[in-house]
Structures are given as structure tokens and as C-alpha cells.
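*Asks:* Each chain is listed here by its residues.
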Amino acid sequence: MDWDALKLSLSLAAWTVAILLPVSVFAGRALAYRRFSGKGFVEALVMLPLVLPPTVFGFYLLVAFGRNSPIGQAWQDIFGHQLVFSFEGLVLASVIFNLPFAIQPAQRGFEAVPRDVREAAACCGMSPLAALWRVELPLAWPGVMTAMVLTFAHTLGEFGIVLMVGGAIPGETRTVAIAIYDRVQAFDMEAAGLMAAVLVAISLFTIGLTYALSARVGRRLS
Amino acid sequence: MSLEVMARARAPIPLAADFRVDPGELLALVGHSGSGKTTLLRTIAGLWRPQAARVRVDGETWLDTETGVDLPPHRRRVGVVFQNFALFPHMTAAQNVIAAMGREAKAPRIEAERLLELVNLAGLADRRPAALSGGQQQRVALARALARRPHALLLDEPFSAVDRATREKLHGEIVALRAHLNMPVVLVTHDVNEAQVLADRMVVIERGTVLSQGSTAEVMSDPAALRAMGLRELAAILPATVTEHTDDGLTRLEAASGPLLLPRIDAAPGTRLKVRIMAHEVILSRARPEGLSAQNIVPGQVARIVSGEGPAVIVHIAVGEDEILARITRRALTDLGLAPGDAVHAILKTMSVARDNVAPADWPDGGR
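Residue numbers (our numbering), protein chains in the order written: chain L, -18 to 203; chain G, 2 to 369.
Keep in mind that a hint or two might mislead.
[Claimed, not checked] Using 25 Å as the maximum straight-line C-alpha spacing, the simulated SDA-like pairs for lysine to any residue come out as follows: (1) Lys170(G) - Gly25(G); (2) Lys20(L) - Lys107(G); (3) Lys107(G) - Pro109(L); (4) Lys107(G) - Val37(L).
To be clear, the hints were calculated from the coordinates, so they are not data collected in a lab.
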């Protein structure tokens, strides 16, 4: 059992969720309520990681983060090490490929808040930020939470992009999904099976937790 | 603290409206659905901005497209009751009311309970909206609208989402509540009955344009307004006081014209009421009829006769200080040979007065 890989995976998932939570709330809300030209294009762009093969997406990220790219160059200058094949690069890639999972459910959550309830919040004297905190978020919460759980679970399981952008450096970029693949390549089926089982258990636990929490929210509203 | 509104727009719906509501006055914006009355209400609240508009309350400008003033809704001291109440479903009744109070409220819980008691909801403060009936939700919405100590109270079809029996009760409660309100109140409704029994003044809107405005009595006798609302809405308001409830389920009232017998009204003897008498329900007779099932025979005098293009004429009958309107055929008028000054009897079936045609005329406990 490669505990380092598991720790790395969980850490990657936690960072991704932490960074995407505010993105999920503000982008999801904007897409749900705002009308602007090019909205359809933005929505399609957000969904792109869902339809591209991970290796294709990973390839472009590798090029974009590489030493010869402006991003990779700037990173190298500031932090003194390269962005690709590092944990930070992995987090950045993970944030980008999780955008559809983080934004879409939150958008649906915000769309479910009736317009007159939002208007009532304003007519009760709540500023837009107060209305977000006291009315919109409590009501859109199931959507935002689904977004975060999907992001977490999806990060744990992602393989292709992680391999392309991160390689498989132990303790730095070798996540548990890659470790399983490595073990299978080495005919160590016992270790692979154990790690797979741990992943299944963690996934079941998060999904179960989501259901329990959203059932509680549902009871609160009816 | 009066409310002045001016709105002009060409799209998406045309608007041409100017009106003013004084403190404590209830103005009804009446029109069919799609007439623009709700858009006017949203303009006042700041939820909509027409091309050219001005909204002023008590000298404070909320919106003036000419000078570029446009306060966002949360900075306008306005109380709004939405058509479907729009309560916050995750909050209890009391929390809904407290949510509208702002941070400076000193004892919000006590104030919320006082407001809920004012709308007859004492004891239900800790229920969530889903556990309240439509009428109760409407009362929470009203308490929430008042919690902000608004400078204008806006009611958007507030009675349309509740059943008929609840609506009658709420009508009475609105009248009673007005003793405590000293701000302008705007009621948007498509229900002419509601406007006539509740409002002091009316504005009739058609395709975004004001067709007629003035006191309720003026508007209800304006031919242009009646054409828009439908001639079958023509009715007179007869003030009357409850004298007794009979054993057979009726209520006896005393009007200036004499006694009236109506279906049972839930009001204590001594309560002053407004009774809306539909013009097409009134029968006229020169002689006092005998052997007739109708219980109300009111003697009066023909004041004037208004005839339009249709087959019917409108006869105004003076009964004491008040007036009853009768809409009869031109043929009947000729047969009777009625002319202004003639004595006449207006006949009214007890059962032709529906329960929601009756509303309290004022607040019986005089502003407790």
C-alpha cells in the first residue's frame, strides 16, 4: 500500500476543492442570473474538459505549462522550479479540468432559487452580498455541495491528465490512481487491489455523506 | 411622505403613467394581466427601470432617469408583498420578518412577534413557510414587508394566490391594519371588486397607459374606465352598519336608505361596512312591489340617466345621501317611462350580494 500516493491524492483533491469553492459559487451564480452576450460560448468552454479525451487535454496543458510557454517561464522565474512535473502544476491542471464539475451543479443550484425570492431579499434591504449569504447560498447549497463532492471524487480518480502533466514522481505527482497502474504493471496485484479498495471506500463515503446532507437540507425546506 | 411616480417607456411594454399616493392612502392600480400594472410596481421598488421615469417618496428621489439617480432596491425603503409571497423557505416566520429589519433593530425577536401579532399570526412564529397555509404565508409576507418600516408599501396581487374565503378575511384585515399604516400603499390587482371595496383612489391601466384616475367613486363612474374593466363591473358602494344576525343565517344592516338584508357577514353589530351593489343585479319598479321574493326594496329617486351605445342604460338612484346604480335595458326604461326626479324602488335580491362584495369601511377598534 502506497500511503504517500494516497496522501498526495487527498491533498490534491483538498487543494482543488478549496480553490474551486469560490469559483463555483461566483461563476455558477453569474451564469445562473446574468444575461450577457457570449454566455453560450462561455458555458460551452466550461464544459470542454468533459468531452475532450484526458490525454488531449493533458497534452495542451503540458504545452501551456512547459518551460517554453509564458506561464511556465514566469513560474520558473518566480519560484525557481518548473511548473510541469510538480505538485503545484498538478493542482493547477486539476483546477482547470474540474471546472465543469465545479460550476455546472452550482449553476443549477442557483437557478433553482426563484427570482421573486431573490427580489424579495433585495426588497428586504439586503445588499447583493448579504442576499448571497443569507438567502441564495442556503437555498443553492445542495448544488454547490454536489459540485464540491464531484470535484473531490473526480480528482481522486483522474489518471490521464495527471500522467501527462505530472508524470509519476513519488511523493510529488504520483497519485493513488497512478500508483495502482504502476502496481499492476509490476504484477503486484495484491497492493493494487488494496489501493483500489481504499479508493472505493473513500468514494462511497463521500457520496453517502452528500446524500445524507442533502436529505437534511431537503427536510429543512419542506 | 407621499409617493410620486412618473414612467414612460416604449419597449418591451409601452408605459405612460403619472400618479401620486398620499400617506395613509390606498391606491389601486387596476388592469388586465399584461396591462403593465406590475411593471409600474416594479419600477417603484427598483426591480425595473423604464426608459424615462421618476420615483420620489417624501421628497427623496429613488429614481430619476434625467439626473441619473437610480437607487438599487435594497437602498429604497420599500415594503413589497409579492404575488406568490416569495418567503424565504429556509427561515421560520419570525426569521423571515427579522431578515427585513436590518442590523440596527434593537430587539428584533420581540419586534417580529409584535408584527406577526398585528397580522393575526401570534403563535406561529417558529413555523417554516412550508408548514403554513396560503393565507398564513400571505400574512407573514405582509409582516415582513412592514418590518423594514417602509416609506411605501407595495402589494402585488396579494390576494390572488389564496382561496376565496381566506381572501375575504384578508380584505378585512387589510382594512384593520391600515389604522397602523401612515405610508402610501399601492395595491396592484385585476379584481375590480377588490379595488372598489378596499381602495381610496384608483388608477386604471390599459396597455401601460393610464385610462382613468381619481377617487374610487369617480373612476367607477368614468365610462372610459368602465369600458376597459367591463360594464358588468359597474357597481355602487353603499355604506351600512351591521345591526343584527338573524337565526336563519342572514345579517341585517342599516343603510341611509333603510334596512338591508344580506347573507351572513362575519362582523359584530355596530361594524361599519361598505357594500358593493352590482348595477346589473338591481331591478327597478315604479310602484312598491308585493308578493316578491326579493328581500330588499329601497325607495329612492332617479337622479340621472346615462345612456351609451349599447342596449342598456345606467340609472343613478339617489337614496338619501347615497347612490345606487341600476343597469337596465333601454326597452325597460321606455316601458317604465322613467325620467330624472321620478320616485322609484330599487329591488335587490339578498343572494345577489356575494360575501366578498362586503368589506369593513374603517377600522373598528380605531387604531389600538
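*Asks:* Does each hint hold? Answer for all of them.
*Replies:* Now the hints, each set against the structure:
Between the alpha carbons of Lys170(G) and Gly25(G) the distance comes to roughly 21 Å, so the proposed pair stays at or under 25 Å and holds. A threshold of 25 Å between alpha carbons decides the hint, and for Lys20(L) with Lys107(G) the separation of about 44 Å lies outside it, so the pair is violated. For the proposed pair Lys107(G) and Pro109(L), the alpha carbon gap of about 23 Å is at most 25 Å, so the pair holds. Between Lys107(G) and Val37(L) the alpha-carbon distance is near 61 Å, which puts this suggested pair outside the 25 Å criterion.
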